[in-house]
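Protein chains: 2
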Amino acid sequence: MSKILFQHINKFVSMEDQVLEEVISYFTHRDVEKKELLMRSGDTILHDYFVLSGCLQMYFIDKDGTEHTVQFALQGWWLADYLALQAKKPTEFFIQAVKKTAILSISATKRVELFETFPKLESYFRTVYQIAYGSYQTRMKYILSYSKEEIYFKFRDEFPEFVNSIPQYLIANYLGLSPEYISKLRRKHIS
Amino acid sequence: MSKILFQHINKFVSMEDQVLEEVISYFTHRDVEKKELLMRSGDTILHDYFVLSGCLQMYFIDKDGTEHTVQFALQGWWLADYLALQAKKPTEFFIQAVKKTAILSISATKRVELFETFPKLESYFRTVYQIAYGSYQTRMKYILSYSKEEIYFKFRDEFPEFVNSIPQYLIANYLGLSPEYISKLRRKHIS
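Quick note, the sequences are listed as chains A and B, same order.
With the working numbering applied, the first sequence has no gaps in its numbers, which climb one by one up to 191 at the end.
With the working numbering applied, the second sequence has no gaps in its numbers, which climb one by one up to 191 at the end.
Any given hint might turn out to be false.
[What the hints assert, rightly or not] Okay, derived cross-link-like pairs now, EDC-like style, lysine to aspartate or glutamate, Cα gap no bigger than 16 Å in a straight line:
id, chain 1, residue 1, chain 2, residue 2
1, A, Lys141, B, Glu150
2, B, Lys120, A, Glu116
3, A, Lys63, B, Glu116
4, A, Lys141, A, Glu116
5, A, Lys141, B, Asp62
6, A, Lys141, B, Glu116
7, A, Lys120, B, Glu116
8, B, Lys141, A, Glu92
9, B, Lys141, A, Glu161
10, B, Lys141, A, Glu150
11, A, Lys141, B, Glu92
12, B, Lys148, B, Glu113
13, B, Lys141, A, Glu67
14, B, Lys63, A, Glu150
For the record, the hints were derived by calculation from the structure and aren't laboratory data.
Model, not experiment: these values are computed from the prediction.
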């Protein structure tokens with residue numbers, strides 16, 4: 001399963017298999033059950049998570065107790081609260097498994113050691129975070145230029161793996177739509 | 001002026017002044033006039049910009065011809081279309097100076113050379129992009145949990161340097177409010 005991380009690293013930097021085996025020793029492999037929480041609001045010991053299979057969801061709970069999805073991570077994606085991870089501050093987010101999910105997890109402390117031992121990984125993570133940052137710029141463009149209905153259809157057409165692997169009520173939550181509204185959109189589109 | 005970049009780099013990685021002088025030689029210093037465009041939708045030769053003084057605005061124009069602000073960059077901030085920069089694809093965004101602005105600019109090609117020559121800068125940019133990525137996660141939390149009115153006041157309280165240095169009509173555009181509505185909010189708040 002760690003081959004998925006090897007392949008992802010080698011997409012951006014070139015590292016020998018033997019070195020990658022050492023890299024992997026810094027991570028903990030975890031199998032997470034559906035709905036199991038990896039991170040809770042208030043947590044101070046934070047991790048960066050790499051998805052080997054399944055799907056993670058990052059969300060927060062607003063002052064009225066409503067859950068809002070900020071981000072998903074499918075196979076080959078990294079997920080963490082990156083400001084809190086950097087500033088070593090308590091997080092205000094939750095991360096949970098949407099379904100049975102396998103991950104590699106690294107603590108903030110181990111991650112510092114990892115960078116010191118394998119400086120080449122700075123380049124890998126620089127690229128990963130640059131792409132993630134750029135994706136948010138593009139996401140803002142979507143939010144500002146399309147109606148929620150248009151965003152749903154664009155999302156479905158451009159990221160079919162999301163729509164196929166994430167329950168409809170969570171996609172609705174992510175897009176700020178009610179599940180009923182998405183059902184209506186789907187029916188409208190099929191007919 | 002390049003001292004501002006030296007200081008910013010040394011916040012995250014330690015580099016000698018002599019090395020930093022060499023680093024600077026990869027950049028072009030530019031003084032940009034108010035409203036001058038640094039990047040246009042369709043451009044393929046892209047740059048990463050570091051603000052020495054003044055302010056940059058990144059925006060796009062939607063299908064109805066309306067301008068939408070995606071992001072600002074004040075002194076000590078980096079700005080680019082990071083997906084297009086990475087994928088070497090044409091950008092769909094514009095970057096312009098909000099006021100008279102001094103920047104350091106580096107082309108995508110020079111940037112690759114920079115990383116090859118000074119691998120330590122991978123660590124600097126990994127941190128910069130990680131923080132920028134994390135800021136977008138937090139921004140999504142704001143968008144999803146507060147009304148536009150609440151966001152305006154939070155924005156004003158948490159980032160007073162923005163409200164003081166960016167014209168009101170651009171802050172309105174960034175927050176998706178009309179300038180008239182912001183004037184009304186300000187009056188309401190003062191009275």
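So, against the hints stated earlier in the document, which numbers end up violated here? When the structure is compared with the hints, numbers 1, 3, 4, 6, 9, 10 and 12 turn out to be violated.
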